[in-house]
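From just these sequences and the hints, can you work out the full model?
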Amino acid sequence: SQTIHQWPATLVQPVGSPLSLECTVEGTSNPNLYWYRQAAGRGLQLLFYSVGIGQISSEVPQNLSASRPQDRQFILSSKKLLLSDSGFYLCAWSRLQVTNYGYTFGSGTRLTVV
Amino acid sequence: AQSVTQLGSHVSVSEGALVLLRCNYSSSVPPYLFWYVQYPNQGLQLLLKYTSAATLVKGINGFEAEFKKSETSFHLTKPSAHMSDAAEYFCAVGEPTGGFKTIFGAGTRLFVKA
Numbered sequence: 001s002q003t004i005h006q007w008p009a010t011l012v013q014p015v016g017s018p019l020s021l022e023c024t025v026e027g028t029s030n031p032n033l034y035w036y037r038q039a040a041g042r043g044l045q046l047l048f049y050s051v052g053i054g055q056i057s058s059e060v061p062q063n064l065s066a067s068r069p070q071d072r073q074f075i076l077s078s079k080k081l082l083l084s085d086s087g088f089y090l091c092a093w094s095r096l097q098v099t100n101y102g103y104t105f106g107s108g109t110r111l112t113v114v
Numbered sequence: 001a002q003s004v005t006q007l008g009s010h011v012s013v014s015e016g017a018l019v020l021l022r023c024n025y026s027s028s029v030p031p032y033l034f035w036y037v038q039y040p041n042q043g044l045q046l047l048l049k050y051t052s053a054a055t056l057v058k059g060i061n062g063f064e065a066e067f068k069k070s071e072t073s074f075h076l077t078k079p080s081a082h083m084s085d086a087a088e089y090f091c092a093v094g095e096p097t098g099g100f101k102t103i104f105g106a107g108t109r110l111f112v113k114a
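Chains as they are written, first to last, in my numbering: chain A, 1 to 114; chain B, 1 to 114.
Some clues are possibly wrong.
[Unchecked claim] Rough simulated footprint, nothing fancy, chain B against chain A, three-plus residues with beta-carbon under 8 Å:
no., region
1, 42–55
2, 101–107
[Said to hold, decoys possible] What follows is a list of derived Cβ distance ranges for each label pair:
no., chain 1, residue 1, chain 2, residue 2, range
3, A, 79, B, 114, 44 to 52 Å
4, B, 61, A, 17, 15 to 23 Å
5, B, 53, A, 110, 35 to 43 Å
[To be verified] A few chain B residues that face chain A, going by a derived Cβ cut-off under 8 Å, partial list only:
no., residue
6, 40
7, 100
8, 108
Since the hints were made in silico from the structure, they are not lab data. Just so you know, these numbers come straight off a predicted model, no measurement behind them. We put the CB at the ideal spot given by N, CA and C, even for glycine.
Structure follows, in structure tokens:
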């Protein structure tokens, strides 16, 4: 069966520090991968998506970047965190080029920038 | 471009009462529609999905949703609320091309009173 792992679960970082969140998928190959952010009391904002290794599409210009160094690995990074980067970050995967499959989400990372 | 509108950011029902969470969508092509549930500090879990096979879709935990093309709606219902249903619910529409992204509504938080 397919599983998705996301870590860390919680993170408190000072303003100006770097960030690296990792997401890995097991049990499938060539997945579509996604990073979403959920601010307190708000819906989900799509940040990045990837349909293959090294292929990253950005949805929102911001302080963050994403990379996909391996087929089932998706990394969210920042060189210098801002207070506004605080939120709940969710990684998700879906079958390649199949919109009707639905997403499987990781358990999320709660990031607090202080 | 697709969009999703969830009517009511908060819904409160008594235990045993009908649950009705409203969702309207905008799509230029036949849509793929989803409902997800999110419990506190967790990722989202797929409840059910509409993929044009049947207009009445049954999901997990006793939930179901009916696709009404004429009303561009996909409302979520459950005949009898249980305390464990208290969570946030997201309606979503999938894009069939490009990055096969899913657009989420702002979410509706369901409260269940004893």
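The hints, checked one at a time:
no.	hint	result
1	42–55	holds (count 6)
2	101–107	holds (count 6)
3	A:79 x B:114: 44 to 52 Å	holds (49 Å)
4	B:61 x A:17: 15 to 23 Å	violated (40 Å)
5	B:53 x A:110: 35 to 43 Å	holds (37 Å)
6	40	violated (10 Å)
7	100	holds (5 Å)
8	108	violated (10 Å)
In this structure, the hints that do not hold are numbers 4, 6 and 8, in rising order.
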